[in-house]
Amino acid sequence: MAKENLVEVVNLKKYFNVGKNKVLKAVDDVSFNIKRGETLGLVGESGCGKTTCGRTILGLYDATDGHVYFDGKDVHAMGKKDKLNFKKDAQMIFQDPYASLDPRMTIGEIIGEGMDVHFNLSNKEREEKINELLHTVGLNQEHASRFPHELSGGQRQRIGIARALAVEPKFIVCDEPISALDVSIQAQIVNLLIKLQNEMGLAYLFISHDLSMVKHISDRVGVMYLGSIVELAPSANIYKKPLHPYTKALISAIPIPDPKIEDTRKRIKLEGEVPSPINPPAGCKFNKRCVYAMDKCSQITPELKELEKDHFVACHLY
Amino acid sequence: MEKILEVKDLNISFHTYAGEVKAVRGVSFDLHRGESLAIVGESGCGKTVTAKSIMRLLKEPPAEIKPGSQIIFDGKEDIVKMNRKRLKSFRGADVSMIFQDPMTSLNPTMTVGKQIMETLQIHKGMNKIEAKKEAIELLKIVNIPNPEVRINNYPHQLSGGMRQRVMIAMAISCNPKILIADEPTTALDVTIQAQIMDLLNELKDKFNTAIILITHDLGVVANFADKVQVMYAGEIIERGTREEIFYKSMHPYTWALLNSVPRLDTESKQELYSLGGTPPDLILPLKGCAFSSRCEYAMEICLERKPETTQLSPTHSLCCWLQHPDAPKVNRSEVVRGEING
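Chains as they are written, first to last, in the numbering used here: chain V, 1 to 318; chain F, 1001 to 1342.
Bound conformation, chain V alone:
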């Protein structure tokens, strides 16, 4: 019987040694899970550890501590055979469609490479499958013989998606898949991701700093700050009723394309910038920039509590 949660992240930590006995805590005690066919959005400012978190989940980085269970198996303690299966089931789409495709391989070779490792296909089957995948992502079979430099940014991102789909994964980490693209192309790619999810029951971890896009695609959203999750809730909730002061500030900073609203609404201003993760503030990491900070906040680290059903927040205010 398959478990409901496809990915379970338990107290995951990823520290980097940066010399002189300094430790950079990129991901610091993060726990969450992703159900089958669900999209979890991960947002936060640059340097908050979202990408490191995604990569550690995929086993691209070794975890310093904690566990990632995929379909009940620990990703960081798998045998060779399980690892190979995991690499087939969990794929990644990268941010930069210019840098993530090998310029010396044709599109067909790029998409086919993963299949050669995981499936035993005849040449004909392989070619058919590549054409089918190109069709799925909205391109056609002539593209198979082209090279990446002949394609536009949006088309390349489609190739990135086709490559991930080629090995029939269950779970895809999308690391800022749209931030390098034009607004009209962003909409196309997001529509494609949603369509594929509906058809194939994929689960996504959608990493982005574009909160309105994350809200649009995700079922639940986690907000990260300096390596920790400060709030985790269903996406409608987090935008209608944000609880953590950081989430509130982040949401109020999104400009809304409507002059009347922009003129009247009040912004919660965040002073300064994200502090260095090498020496984060004690207690709640947000206390230096928080307008509600109390004495307690600089001493005790708040835990992630479930305030309402499925709405978790780590803040001493609640």
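These are calculated hints, taken from the structure and not from any lab test.
Treat the hints with caution; some may be incorrect.
Here chain V is said to cover these stretches of chain F; the calculated rule only asks that three of the stretch's residues, wherever they fall, bring their Cβ under 8 Å from a Cβ of chain V [claimed, not checked]:
| # | segment |
| --- | --- |
| 1 | 1221-1231 |
| 2 | 1250-1259 |
| 3 | 1325-1335 |
Think of the CB as a built atom: it goes at the ideal place given N, C-alpha and C, for glycine as much as any other residue.
Got chain V; can you put chain F on it based on the hints?
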């Protein structure tokens, strides 16, 4: 208000091996003192080329500003006809620019203080001590904490937001009359973006600087601009005040831009409106309306003849055949999503 900049029939081409790319085709607009103008459009629509031509930053050749183009600065000088000597004193002092990527537009081998001082020493003839004092003052204006310390930092020691602030400090150091901001916040986080846009607004009011903002983010436009121009394939296809563009725009391309942004009020996982196709190849001669191949309202005439400008109000105009009295009527409220509450 006084006109500070008048662009008249600007045509810019790039000469490439494949042929002549007509990147900007017949663009005209005015900018007044203390006004903010936003230019929006997809990549490759000519917005950056237009902006760069105002500072004559395009490399000529391959770029060519076609004869007949005029960019009149402050009612008297034509920027297109300026010689090298005049350009040297003009750039930075009268018009300055902030670039998209603060990581690559600062010199990594010089302290930020020195880079700011350089401008002051050249344009204002200050000596080192005066320039240093002024540089610290400028860093204070752009809200950099501990300016006395920061002035000795190299760009790599600053964060992205801080680097953009340094760029702004450099750009305003000589009180330019026009500030061109080319996607100033695209590389930054939303929280930092809000800080930078607030800063630009503050500067606009304080020094009465005219600002040209180039962006593809309609949210930023809604928050910032007095006037908006929508560019497509090297032409301005619609222009108007901020309200006119957001609430009364009539060009199908403007509608497409407004519709393709996800807003916090839309239901999750609904299909986003997406514009099919790609912009036309500017090497090939364009027949009819440039947008016709992607336009869902395209009529026969759109493929044949270029639409003329229709003036809807003194500030609002557009180029579209749908405005012709014989054209079928399209109800805007059915096409563009309504205003949001909250």
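Hints breached by this structure: The structure breaks only hint 3.
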